[in-house]
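Novice: Chains A and B, in that order, give the protein sequences. Numbering-wise, the first sequence is residues 4 to 400 according to this note's numbering. Numbering-wise, the second sequence is residues 4 to 400 according to this note's numbering.
What the hints contain is simulated information worked out from the structure, not anything from laboratory work. One thing to keep in mind: the hints can contain errors.
If several chains are the same, the list does not tell them apart, and a pair holds so long as it fits within one copy or across any two.
[Stated by the list, open to error] Restricting the straight-line Cα-Cα distance to at most 27 Å, the calculated cross-link-like pairs of lysine-lysine (BS3-like) are:
#	residue 1	residue 2
1	67	369
2	147	59
3	125	25
4	59	40
5	366	125
6	70	252
7	54	40
8	8	54
9	118	59
10	267	34
11	118	67
12	19	96
13	213	67
14	25	54
15	118	8
16	118	369
17	25	147
18	70	267
19	213	72
20	125	378
21	96	54
22	369	147
23	70	213
Protein chains: 2
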Amino acid sequence: MRIEKQRYTERFGSIKIHDVQKVLELDSGRKANSPLKEAIAVDKIEEDAIKGIEEKMAVVIPTKNEKLKLFEGVISGVPHECLIIVVSNSERKQTDRFVMEEDTLEQFCHYTQRKALIIHQKDTVLTQALAQAEYTGLLEDNGKAVRDGKSEGMVIGLLMAMLAGKEYVGFVDADNYFPGAVWEYVKCYAAGFSTSLSPYTMVRILWRYKPKVSGEVYFRKWGRVSETTNKCLNSLISAKTGFETDIIKTANAGEHAISMKLAKILPYASGYAVEPQELVALFEDFGGVLPVANQQIARQGIEIFQMESRNPHFHEDRGTMHLRSMLLQGLSTVYHSPLCGDVTKRMIAKELVTQRVLGRGEKPAKPHINYPPNKKNIENFTNFMAEHLDSYSVLKE
Amino acid sequence: MRIEKQRYTERFGSIKIHDVQKVLELDSGRKANSPLKEAIAVDKIEEDAIKGIEEKMAVVIPTKNEKLKLFEGVISGVPHECLIIVVSNSERKQTDRFVMEEDTLEQFCHYTQRKALIIHQKDTVLTQALAQAEYTGLLEDNGKAVRDGKSEGMVIGLLMAMLAGKEYVGFVDADNYFPGAVWEYVKCYAAGFSTSLSPYTMVRILWRYKPKVSGEVYFRKWGRVSETTNKCLNSLISAKTGFETDIIKTANAGEHAISMKLAKILPYASGYAVEPQELVALFEDFGGVLPVANQQIARQGIEIFQMESRNPHFHEDRGTMHLRSMLLQGLSTVYHSPLCGDVTKRMIAKELVTQRVLGRGEKPAKPHINYPPNKKNIENFTNFMAEHLDSYSVLKE
Numbered sequence: 004m005r006i007e008k009q010r011y012t013e014r015f016g017s018i019k020i021h022d023v024q025k026v027l028e029l030d031s032g033r034k035a036n037s038p039l040k041e042a043i044a045v046d047k048i049e050e051d052a053i054k055g056i057e058e059k060m061a062v063v064i065p066t067k068n069e070k071l072k073l074f075e076g077v078i079s080g081v082p083h084e085c086l087i088i089v090v091s092n093s094e095r096k097q098t099d100r101f102v103m104e105e106d107t108l109e110q111f112c113h114y115t116q117r118k119a120l121i122i123h124q125k126d127t128v129l130t131q132a133l134a135q136a137e138y139t140g141l142l143e144d145n146g147k148a149v150r151d152g153k154s155e156g157m158v159i160g161l162l163m164a165m166l167a168g169k170e171y172v173g174f175v176d177a178d179n180y181f182p183g184a185v186w187e188y189v190k191c192y193a194a195g196f197s198t199s200l201s202p203y204t205m206v207r208i209l210w211r212y213k214p215k216v217s218g219e220v221y222f223r224k225w226g227r228v229s230e231t232t233n234k235c236l237n238s239l240i241s242a243k244t245g246f247e248t249d250i251i252k253t254a255n256a257g258e259h260a261i262s263m264k265l266a267k268i269l270p271y272a273s274g275y276a277v278e279p280q281e282l283v284a285l286f287e288d289f290g291g292v293l294p295v296a297n298q299q300i301a302r303q304g305i306e307i308f309q310m311e312s313r314n315p316h317f318h319e320d321r322g323t324m325h326l327r328s329m330l331l332q333g334l335s336t337v338y339h340s341p342l343c344g345d346v347t348k349r350m351i352a353k354e355l356v357t358q359r360v361l362g363r364g365e366k367p368a369k370p371h372i373n374y375p376p377n378k379k380n381i382e383n384f385t386n387f388m389a390e391h392l393d394s395y396s397v398l399k400e
Numbered sequence: 004m005r006i007e008k009q010r011y012t013e014r015f016g017s018i019k020i021h022d023v024q025k026v027l028e029l030d031s032g033r034k035a036n037s038p039l040k041e042a043i044a045v046d047k048i049e050e051d052a053i054k055g056i057e058e059k060m061a062v063v064i065p066t067k068n069e070k071l072k073l074f075e076g077v078i079s080g081v082p083h084e085c086l087i088i089v090v091s092n093s094e095r096k097q098t099d100r101f102v103m104e105e106d107t108l109e110q111f112c113h114y115t116q117r118k119a120l121i122i123h124q125k126d127t128v129l130t131q132a133l134a135q136a137e138y139t140g141l142l143e144d145n146g147k148a149v150r151d152g153k154s155e156g157m158v159i160g161l162l163m164a165m166l167a168g169k170e171y172v173g174f175v176d177a178d179n180y181f182p183g184a185v186w187e188y189v190k191c192y193a194a195g196f197s198t199s200l201s202p203y204t205m206v207r208i209l210w211r212y213k214p215k216v217s218g219e220v221y222f223r224k225w226g227r228v229s230e231t232t233n234k235c236l237n238s239l240i241s242a243k244t245g246f247e248t249d250i251i252k253t254a255n256a257g258e259h260a261i262s263m264k265l266a267k268i269l270p271y272a273s274g275y276a277v278e279p280q281e282l283v284a285l286f287e288d289f290g291g292v293l294p295v296a297n298q299q300i301a302r303q304g305i306e307i308f309q310m311e312s313r314n315p316h317f318h319e320d321r322g323t324m325h326l327r328s329m330l331l332q333g334l335s336t337v338y339h340s341p342l343c344g345d346v347t348k349r350m351i352a353k354e355l356v357t358q359r360v361l362g363r364g365e366k367p368a369k370p371h372i373n374y375p376p377n378k379k380n381i382e383n384f385t386n387f388m389a390e391h392l393d394s395y396s397v398l399k400e
């Protein structure tokens, strides 16, 4: 894979935010023997380096009643060396869709001889393990099951990846029409990790285009939701640094990956707030404006990569309601951050009114935020789950 | 890449036609150290083997006034080791679209340091070289330029690949929305060549789905045109063998690749007839019904692979007229084959009437067929072109 070198980086406290790097070539061929002419402008990530990262990476696919054909395509795109972890919140009563997912995954793993874990979000052993870790924020109020929501599924996946001893965790949505795009996202994750200088690294995908289907196909560069969330998050930074910036271009990036060291210290907001909240939390903890959360980590620095994929992003259409919730929840994390000044708050309120998400004078509700794993007794979780790990594994030894 | 093994093969004279093999996994990871458990059902094509083929492969992209963004995406998906050959028939007068394509290709090759050739279909040197080879069927009646048409572009690309000393030539359309799909096609080509036992090999791609956009997205498995052409071509075989068959599933496969040895002996029909005609010609020459064209080749055998890609095929919509021409021209090659019996002829005539392409009693016109390269004085062509090769190369030494 060839990607543009980091051409521009902004620093916010201990955080390096790299400007968007475009993928130039999906497949960059054999290992180069001599230094590359183009190296001043382009990074060639050798396949051996990519595979080295993939071997340490779990790819988490949260899913809920997704079309099986899509699910099947998505898993077939995940590079072989990665551990697939499916966290499903699909229906089990009328039709047991979870069993169908399990079957599909098992058949795939049988013929490709690869490992995968699959767990249901409402699994009772899982609930017990989380209770042992006192990770009660993830549970429903009665404590009997994990809360609904993709964000909670992501955290479960993350914990399972930790349990499997992985060093990186990447997230991929189950509703992608193109296996080849999934493949590219994972390659981008690996490329970011392999060029990062810090053990605290995040890679976020920017879609090159997102086809809008309305009679004919139109390739949108920016969705309105992303545009607005990026703008408000950039405003939050600008207000602190005194320099206007547009560095954040991936505030809502569902497709993203985190080094385990970083993933452990991040909080995870519920719902669509999760992706912007990761950035907001980093800005709060390591932006240097509020007291630094951890000096040791601050010294090593945090790197955020934003990679523009070559493939367009073509996924299931979720409709307008979905977009409104996404906007509201995403902006609520910015709004409620202690870093958020009046200018940004006014901007957010105005956007929410203009885009008919809130009425005039209404404020976005505070998002529910799940504690970072390292604030919980994760050892209890892993000890408890380790005994049952085999039952979540699709290919029995 | 992991693909299903050839589970079923039909033989027609010296031709082996393998039934569809599905791609199971886009990226099958590191080289296996021990024999694979799944090897009885699945072929794992190691990346080293794939790259070994790609180094000997030219990927020909015929294009005509295609959107530059699509063209740019397509070239970025072609694996690095392949030589890209663009044969353009784009406008040069009002707007010089050819220069824009040249620029795009050059910028891409500059940053990825790879080789590519680009030639205009109406290039005057090219015309002279073809005249030297007495390849006049490719030229307009006045002999002043190459005929319009994608098929003629393919032949030019093939000749350029021969000139560049390549052993395999793959064709990829310039209007594909997904670079990741292009990448997969080339991997499929390489997988086919690397598992073939014959130097005379063809790999044809079957799209898993083709999204139809009409308000919402619907994934069609079979287009009506393909269905009909496959049916009629299968009928042609069945009538000769006495056993009904549905082995041909890629009669119209635009995405296909041919070993150079085979490409040299194939005729190329004009227009949409080109892809079915390749099969018809093989059946005529090596099916064992008519006199065998070349005993030596017949002894070595010919292998036809049909690979089902994981990625859907999502490309520019060409409208109904396009589909009708495709059907008419494709079926005309079957209709006019000396192998085609009355039953198949009646089937074709009926389909063309039902699908409103021809009136009752009308017959499809004979397609224009360009001679196989080996029937022409190709040495004259290559000698003449070799002197000018540098001017078609985008990265000057």
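Novice: Between copies, within a copy, both or neither: which fits residue 125 and residue 25 at Cα up to 27 Å?
Specialist: For residue 125 and residue 25, neither the intra-copy (39 Å) nor the inter-copy (34 Å) Cα distance is at most 27 Å.
Novice: Pop the pair residue 8 and residue 54 into one bin, within, between, both or neither, using alpha-carbon distances up to 27 Å.
Specialist: both (20 Å within a copy, 25 Å between copies)
Novice: Measure nothing new, just compare the shortest in-copy and cross-copy C-alpha distances for residue 118 and residue 59 to 27 Å and report within, between, both or neither.
Specialist: within (13 Å within a copy, 34 Å between copies)
Novice: Check residue 59 against residue 40 for me: Cα-Cα at most 27 Å, and say if that holds within a copy, between copies, both or neither.
Specialist: Between. Shortest inter-copy distance 23 Å satisfies the 27 Å Cα cut-off; intra-copy 31 Å does not.
Novice: When Cα atoms must be at most 27 Å apart, do residue 25 and residue 147 count as within-copy, between-copy, both, or neither?
Specialist: Close neither inside one copy (45 Å) nor across copies (43 Å); limit 27 Å.
Novice: Check residue 125 against residue 378 for me: Cα-Cα at most 27 Å, and say if that holds within a copy, between copies, both or neither.
Specialist: within (23 Å within a copy, 69 Å between copies)
Novice: Within a copy, between copies, both or neither: which one fits residue 118 and residue 8 at a CA-CA cutoff of 27 Å?
Specialist: Between copies only: 21 Å across, 33 Å inside.
Novice: If the cut is 27 Å between Cα atoms, do residue 118 and residue 67 qualify within a copy, between copies, both or neither?
Specialist: For residue 118 and residue 67, only the intra-copy Cα distance (21 Å) is at most 27 Å; the inter-copy one is 45 Å.
Novice: With 27 Å as the alpha-carbon cut-off, assign the pair residue 70 and residue 252 to within, between, both or neither.
Specialist: between (30 Å within a copy, 26 Å between copies)
Novice: When Cα atoms must be at most 27 Å apart, do residue 213 and residue 72 count as within-copy, between-copy, both, or neither?
Specialist: both (20 Å within a copy, 14 Å between copies)
Novice: I want to check one pair: residue 25 and residue 54. Are their C-alpha atoms no more than 27 Å apart within a copy, between two copies, both, or neither?
Specialist: So residue 25 and residue 54 pass the 27 Å test inside a copy (20 Å) and across (24 Å) alike.
Novice: Which holds for residue 96 with residue 54 at a C-alpha limit of 27 Å: within a copy, between copies, both or neither?
Specialist: neither (40 Å within a copy, 48 Å between copies)
Hint violations for this structure: numbers 2, 3, 5, 10, 12, 16, 17, 18, 21, all remaining hints satisfied.
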